[in-house]
Amino acid sequence: MSEELARDDDSGPDPVPHRKLSRGKLVLATHNPGKVREIGALLAPFGIETVSAGALGLPEPEETGTTFAANAELKAREAADLSGLPSLADDSGLCVEALGGDPGIFSARWAGESKDFAVAMQRVHDRLAERGPDAGRDAHFVCALSLCWPDGHIETFEGRVDGMLAWPPRGDRGFGYDPMFVRNGDSATFGELDPDLKHSVSHRADAFRKLVAALF
48 MSEELARDDD SGPDPVPHRK LSRGKLVLAT HNPGKVREIG ALLAPFGIET VSAGALGLPE
108 PEETGTTFAA NAELKAREAA DLSGLPSLAD DSGLCVEALG GDPGIFSARW AGESKDFAVA
168 MQRVHDRLAE RGPDAGRDAH FVCALSLCWP DGHIETFEGR VDGMLAWPPR GDRGFGYDPM
228 FVRNGDSATF GELDPDLKHS VSHRADAFRK LVAALF
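Numbering (our numbering), first residue to last: 48 to 263.
The set of hints was computed from the structure by calculation and includes no laboratory data.
Cβ coordinates follow ideal geometry from the N, Cα and C atoms, glycine included.
Don't take every hint at face value.
[Stated by the list, open to error] When the alpha-carbon atoms are kept at most 16 Å apart in a straight line, the in silico EDC-like pairs for lysine to aspartate or glutamate are as follows:
{"#": "1", "residue 1": "Lys72", "residue 2": "Asp128"}
{"#": "2", "residue 1": "Lys72", "residue 2": "Glu96"}
{"#": "3", "residue 1": "Lys162", "residue 2": "Asp243"}
{"#": "4", "residue 1": "Lys67", "residue 2": "Asp198"}
[Said to hold, decoys possible] Between beta-carbon pairs, the in silico distance windows are:
{"#": "5", "residue 1": "Pro180", "residue 2": "Gly131", "range": "52 to 62 Å"}
{"#": "6", "residue 1": "Arg184", "residue 2": "Pro92", "range": "29 to 39 Å"}
{"#": "7", "residue 1": "Thr113", "residue 2": "Arg178", "range": "17 to 27 Å"}
{"#": "8", "residue 1": "Arg66", "residue 2": "Glu160", "range": "20 to 30 Å"}
{"#": "9", "residue 1": "Pro80", "residue 2": "Pro180", "range": "35 to 45 Å"}
{"#": "10", "residue 1": "Ser161", "residue 2": "Ala102", "range": "18 to 28 Å"}
{"#": "11", "residue 1": "Gly131", "residue 2": "Arg184", "range": "44 to 54 Å"}
{"#": "12", "residue 1": "Asp181", "residue 2": "Asp128", "range": "47 to 57 Å"}
{"#": "13", "residue 1": "Gly71", "residue 2": "Gly104", "range": "18 to 28 Å"}
{"#": "14", "residue 1": "Arg178", "residue 2": "Gly71", "range": "41 to 51 Å"}
{"#": "15", "residue 1": "Pro242", "residue 2": "Glu160", "range": "26 to 36 Å"}
{"#": "16", "residue 1": "Asp209", "residue 2": "Arg178", "range": "16 to 26 Å"}
{"#": "17", "residue 1": "Asp243", "residue 2": "Glu96", "range": "17 to 27 Å"}
Using the sequences and the hints given, assemble the complete structure.
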């Protein structure tokens, strides 16, 4: 269990203090260009210089966790250990209620080895079609952000945004499943939203706000 999640249990010992993040270089433990852009933009105002795991030639670890938080933590730990720098990892995905929460932690894997999210979105649509016209379209995105220091200290924060699925996909902004997701209260998909607006309302933004409040 991450230290951040442990802090939510008031029955245990006194909470572990958050460790403040100082200005300097931070590894983004991802090979996903969309996540690199989005997380880099969120960190830029805080004087944090980011470099991706891909740019450093770090391997992509096997995601063996059973939750978003567990996968984010294992990616952050490996990047921090290999780079000797604080490392921030994201594990996020689309959860569709009518599919029992799938694709969930397997969201990237539904896109196949080529990471073609047009294939992944079609797969979601086809699975819903198999359940008939009355299958609900409720869905939510989840993001777990884990920040790990080279000495092994780690902090994890989770965010969520609820919405509905749209078909066919719309918009060429964002990445992943963004073109088929409409946040509750909106009419545009995440793939149609201005990037600055999406950065302020997404599941990643929700997790990032919690990280900033604790660590900066």
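Checked hints:
1. Lys72 / Asp128: OK: Lys72 and Asp128 at ~15 Å, within 16 Å.
2. Lys72 / Glu96: holds (5 Å)
3. Lys162 / Asp243: violated (25 Å)
4. Lys67 / Asp198: Holds. Lys67 to Asp198 sits at ~14 Å (cutoff 16 Å).
5. Pro180 / Gly131: 52 to 62 Å: holds (55 Å)
6. Arg184 / Pro92: 29 to 39 Å: holds (35 Å)
7. Thr113 / Arg178: 17 to 27 Å: Taking Cβ atoms as reference, Thr113 and Arg178 lie about 24 Å apart, which means the hint holds.
8. Arg66 / Glu160: 20 to 30 Å: violated (37 Å)
9. Pro80 / Pro180: 35 to 45 Å: Given range 35 to 45 Å: holds, Cβ gap about 37 Å.
10. Ser161 / Ala102: 18 to 28 Å: holds (21 Å)
11. Gly131 / Arg184: 44 to 54 Å: holds (46 Å)
12. Asp181 / Asp128: 47 to 57 Å: For Asp181 and Asp128 the Cβ distance comes to about 49 Å; the hint holds.
13. Gly71 / Gly104: 18 to 28 Å: Distance hint for Gly71, Gly104 holds at roughly 20 Å.
14. Arg178 / Gly71: 41 to 51 Å: holds (49 Å)
15. Pro242 / Glu160: 26 to 36 Å: holds (28 Å)
16. Asp209 / Arg178: 16 to 26 Å: For Asp209 and Arg178 the Cβ distance comes to about 20 Å; the hint holds.
17. Asp243 / Glu96: 17 to 27 Å: Holds: the Cβ-Cβ distance is about 21 Å, inside 17 to 27 Å.
Of the numbered hints given earlier, the model fails hints 3 and 8; all others are met.
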